[in-house]
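Residue numbers (my numbering), protein chains in the order written: chain A, 6 to 637; chain B, 15 to 458.
Don't read these hints as lab results, they were simulated from the structure. All figures in this text were calculated on a predicted structure; none of them were measured in a lab. For every residue, glycine included, the Cβ atom is placed at its ideal position computed from N, Cα and C. Misleading hints may appear alongside valid ones.
[Said to hold, decoys possible] Sample of chain B residues at the chain A side, in silico, Cβ under 7 angstroms:
id: 1; residue: Asp201
id: 2; residue: Ala203
id: 3; residue: Val206
id: 4; residue: Gly210
id: 5; residue: Val311
id: 6; residue: Glu329
id: 7; residue: Glu421
[Claimed, not checked] Derived Cβ-Cβ restraints for the label pairs, each shown as a range:
id: 8; chain 1: A; residue 1: Val137; chain 2: B; residue 2: Ala50; range: 34 to 40 angstroms
id: 9; chain 1: A; residue 1: Glu597; chain 2: B; residue 2: Glu88; range: 35 to 41 angstroms
id: 10; chain 1: B; residue 1: Gly51; chain 2: A; residue 2: Glu430; range: 26 to 32 angstroms
id: 11; chain 1: B; residue 1: Val344; chain 2: A; residue 2: Arg535; range: 27 to 33 angstroms
id: 12; chain 1: A; residue 1: Glu597; chain 2: B; residue 2: Ala98; range: 14 to 20 angstroms
id: 13; chain 1: A; residue 1: Gly488; chain 2: B; residue 2: Val344; range: 41 to 47 angstroms
id: 14; chain 1: A; residue 1: Asp324; chain 2: B; residue 2: Glu187; range: 31 to 37 angstroms
id: 15; chain 1: A; residue 1: Glu254; chain 2: B; residue 2: Ala98; range: 43 to 49 angstroms
id: 16; chain 1: B; residue 1: Gly51; chain 2: A; residue 2: Gly179; range: 52 to 58 angstroms
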Amino acid sequence: MKAHWDVVVVGGGHAGAEAAWASARVGCRTLLLTRDLGAIARMSCNPAIGGLAKGQTVREIDALGGLMGWAADRTGIHFKVLNASRGPAVQGLRCQSDKAAYSREVGQRLAARPNLELREGAAAGFVVAEGVLSGLRLEDGEELGCRAAVVTSGTFLRGLIHVGAERQAAGRWGEMPCVDLSDALRGLGLRIGRMKTGTPPRVAGKSIDRSKTVRVRGDVAPRAFSFRSRLERFPRLPQVDCFLTHTTERTHDLIRRNLDRSPLYSGVIRGRGPRYCPSIEDKVVRFAERDRHQIFIEPEGLDTDWTYLGGLSMSLPADVQDEVVRSLPGLEEAEILRPAYAIEYDVVFPEQLDDTLAVRELPGLFLAGQINGTSGYEEAAGQGLVAGVNAALVAKGREQAPFTLGRHEAYIGVMIDDLVTLGAEEPYRLLTSRAEHRLLLGGDTAYARLVEKGMAYGLLTEEEAAPIQEREERQRAARAALGGSRVLPDRGTLLELEAMGVGLSEETTGAGLLRRPDAPASLRDWLAGRVREPLGGLDDEEWERLVNEIRYEGFLKREREVIERVRRAADRPVPADFRYRGVPGLSAEAAEKLERHRPRTLGQAGRIPGVTPAAVTLLLARLASGERRVSS
Amino acid sequence: MAPLVGDAAGDGDVLVARATPVGTGALAIVRLSGPAGRVLALAREMAPRIPARPQARRAYLSPFLDEEGSVADEGLVLWFASPASSTGEEVVELQAHGSPAVVELLVASAVSRGARRARPGEFTRRALANGKIDLARAEGIGLLAGAASRGEARRALGLVRGELSRKVAALREELLGVLVELEARLDFAEDVERDGETSALARIVSARAALRLLASEAGAGRAPGVVPTVVIVGAPNAGKSTLFNALLGEDRALVTELAGTTRDAVAEMFEVEGERVRLVDTAGLRETTERLERLGVEAAGRAAAGADLLLVAREAGGESPARGDLPEGVPVLVLETKADLPGERRDGELRVSARTGEGLTALRREIGARLVSCLGTGEFGGLPRQREALLSAAAALDGLGAEGPAEIAAGAVRAGLHALGEITGETATEELLDRIFSTFCVGK
Ligand SMILES: Nc1nc2c(ncn2[C@@H]2O[C@H](COP(=O)(O)OP(=O)(O)OP(=O)(O)O)[C@@H](O)[C@H]2O)c(=O)[nH]1
Ligand SMILES: [Mg+2]
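Chain A extracted, bound-state conformation (with noise of 0.2 angstroms):
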């Protein structure tokens, strides 16, 4: 069949927007097929972006070129740093958004994007010539050829909406579901499983009672995600503040009352919901010796009413969400605008993906987001951003090595490993605990560790690049120059420093000073004063990274060296071909697993649950022993 599109991208969610933006900017006449213009990048949950992990995975998408950070930043209506009196690695920025000013800005930015084209349709089917994916085949019945597909459709997947007993075929409120496809996906061979989330209720927010609510400011000094707000006015949209309120005993007490009308309880939902985002009936009976739960009352926007109550998603009957908001402080009055609701979808194992997110049995065809087993708009808009690329790099004929991040690069490395290699018995969200060398995968970070590898691949052209350059040139040189500077304990800088608190008895440097836990604030001013040129064109976070770099030094050393040590081992190539069954010693289940899983490399090996250190030392000798064979 004729390839009329390079890449189609089928779904505009935040997976399938970085997916369309990524692969026309790698130079791929790309299609992005959605069944509502209209809901580019909606926020179907939370109006949020960011947070911790997720807030440095939105700098790395973009330090690759992508769009999330910037359309956060221009749409964001109340930023916060989380733990931000901790080191920099474990810091984490979170806005919350005007929700449907952030799907115009997506939508705005993927029109003017040449080689991208939108489109209202939905997939069904996939043609296959070959072995290969050859196009797709819509609902209506049309076939559109292309070279390489990408697949982010959400909770479409034969999605299914329950409040209480009632149910509805959905695959968001009021939005149909992708069956066809589902059962094409199953039809491909793969294996499917099922998983459920949650999203609380929204209400008016003209009928809640703020004064009985905590109110939550946002930071006084906004920052920004992205590194192109630096070049235009930041933030754009008037800040507003958030609130705080809390389940009662009454609330606790109607949820017991109602849990078998809770299809969560009852046993009518099956699949398997994200324990981090727990739903209200869970955390009431899981944490029964708790006597409250903290509400978040965030607005969806400036000029709506729509609010989101964060921390009560549930599947009760409308009726008893009804009382059940009714008994937060605050919210005695609340009309509910829409109720929670709990969705059951369909997901594909990601073990069945390879780690440029291709579905390894159809070659040709990628997976991005929430079909994949993972939760959140960050996880999805980074996988969006590598199955876009690596979709245009096979549509272009592979001439570019596939597009993947390590472990020690990038949380969307981290991520993307952990799905293919691991799997996802629940919906996956990133945590910094799930990097083991999350000391370097700070925000701040982001553009040191990315950029050169946006920019080979075309996600970054050099003019847009140049800034960022800059920055880190800055960067260097400040801390080259502070290292160099000598402080000398003479009369005259003894003074100076006694006057700010530092002692000094013998010489040190400026970066010395600096790595003092108690080096007080005002060391930036004197310490600009001596070595003007570098420092002084420095902005604050400019300066907060610098001297976080400088603390953090000894710590980051060793870490590096960690990795090296590590990837020496765990880099040992497995052959894709390798047969597990017959490797002495190995149990029959490990090798099962094995077999599934086919880890790249003995490090992911390592990593899949059930294959022991034991089994990976069999592997390694095994392999050893296939080498020594080849080579004599």
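Go by the hints and put chain B with the ligands onto chain A.
Same frame as chain A, now just chain B with the ligands:
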């Protein structure tokens, strides 16, 4: 000990071997282990009364057939389904009457029907590969098989019975608990109160001390087959070779009244206080121009440098070798030899006479006591790897205080857990998240 993953050819085979010690006991157990289905089929040919669908762990009475199909014995048979068996595979145990001849008939019968005789350690290796025992216990089984002294056997048995695994498991549990506290606060800052972090960090300090203590209990350990070395050194004619012979209880080294008799380092195994020790006699240390003797003195120096304990022999009234002649860092026990002869006495030195036997018992006891530092005080241990893992776990936690930063401490605790995993073969990643979610109510 046979390497755990050495020659592993033929691992899909059904293995057969006698599972009880050789000898004519009342009962002997012949064990078959292998892939599910094949073991039962094979066992039913040998013991026809086993039902086609036996109940696991139930005893069936059956005749046992030999190669030709005639009844060789009769006894109980137990069937264990995979993975609930000692090796994790399908296992059948035949309880035969204990004569070695009968056991051999049954093993041969199994071999004729397609089983293969198990090599030493092969059942253990399968148990390990299937996760039925941890690494420390598997290694204990290997060490026990090769134990050549009471001490080695005792420590190996400690491993087999899981003494080390248990203590390591307790420490691992503690570190994992700390990690859960730290990671929950790092990853769910909005849900989990920061309070409690300081006390979690403080627990790291005591865990570190406990790791070092356990390392000293486990002792320096020996690579398989390597035993502690005790080297006798001293001036020529001090009576070293005579002492060497007396300790061994045989005339192994030449003795003459001439100074400079011993020319080469002579080594022999002997058992002292239940421990196997390599005892080395050496040439007397002195400046010399004679070529052969000089080579002997050099050999003595090398032997001394590799010793775990030096016995410095000094004739009553004679001189000790200068400190500079002895290698640094090796513990030294100075002896006054020829105690039966008159001469000047020095306080505090052990006096021995190889001729009368005076002081030899005390010397043996003293050697035993001094070797504890390298063999360990604990009732388990044996391999240097285990102590190294404990020490590297402790080292990973060095330099951490109750101030944090928490993400650095968490990284160190992970490294510590990883090091402990090298003893038991476990990893912690998945467990961590499970525990966070069951301990803390996190997420919106
Ligand atoms: N009375 C007495 N004589 C001893 C004793 N031990 C050794 N001798 C004598 O001391 C002399 C030297 O003994 P060796 O054992 O050969 O001494 P050595 O230290 O090995 O000497 P070199 O090998 O030459 O360095 C011999 O004549 C022994 O009989 C002892 O306990 N009592
Ligand atoms: Mg001698």
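Exercise. Between valine 344 of chain B and arginine 535 of chain A, does the C-beta distance stay in 27 to 33 angstroms?
Worked result: Because 54 angstroms falls outside the window, the suggested range is violated.
Exercise. Taking 14 to 20 angstroms as the hint, is the beta-carbon distance of glutamate 597 of chain A and alanine 98 of chain B inside that range?
Worked result: holds (18 angstroms)
Exercise. If you take the shortest Cβ to Cβ gap from valine 311 of chain B to chain A, is it below 7 angstroms?
Worked result: violated (43 angstroms)
For this session: State, for the Cβ atoms of glutamate 254 of chain A and alanine 98 of chain B, whether the hinted interval 43 to 49 angstroms holds or is violated.
Result: Holds, since glutamate 254 of chain A and alanine 98 of chain B (Cβ atoms, about 47 angstroms apart) stay within the stated range.
Exercise. Holds or violated: 52 to 58 angstroms for the Cβ distance of glycine 51 of chain B and glycine 179 of chain A?
Worked result: The hint (52 to 58 angstroms, Cβ to Cβ) holds, given that glycine 51 of chain B and glycine 179 of chain A are roughly 54 angstroms apart.
Problem set entry | Restraint outcome when alanine 203 of chain B is required to lie within 7 angstroms of chain A by C-beta distance | Cβ of alanine 203 of chain B sits 5 angstroms from chain A, so the hint holds.
Problem set entry | Proposed interface contact between glutamate 329 of chain B and chain A, which counts if any beta carbon pair is under 7 angstroms | violated (54 angstroms)
Exercise. Under the criterion of a CB-CB separation shorter than 7 angstroms, is aspartate 201 of chain B in contact with chain A as hinted?
Worked result: holds (5 angstroms)
Problem set entry | Assessment of proposed distance window 26 to 32 angstroms (beta carbons of glycine 51 of chain B, glutamate 430 of chain A) | holds (29 angstroms)
Exercise. With 7 angstroms as the cut and Cβ atoms as the points, is valine 206 of chain B at the interface with chain A?
Worked result: At about 11 angstroms, which exceeds the 7 angstroms cut-off, the nearest Cβ of chain A leaves the hint on valine 206 of chain B violated.
Exercise. Can glycine 210 of chain B be said to touch chain A, with a Cβ gap under 7 angstroms?
Worked result: violated (15 angstroms)
Exercise. Cβ-Cβ distance between glycine 488 of chain A and valine 344 of chain B: within 41 to 47 angstroms?
Worked result: holds (44 angstroms)
Of the numbered hints listed earlier, those contradicted by the structure are 3, 4, 5, 6, 11, 14.
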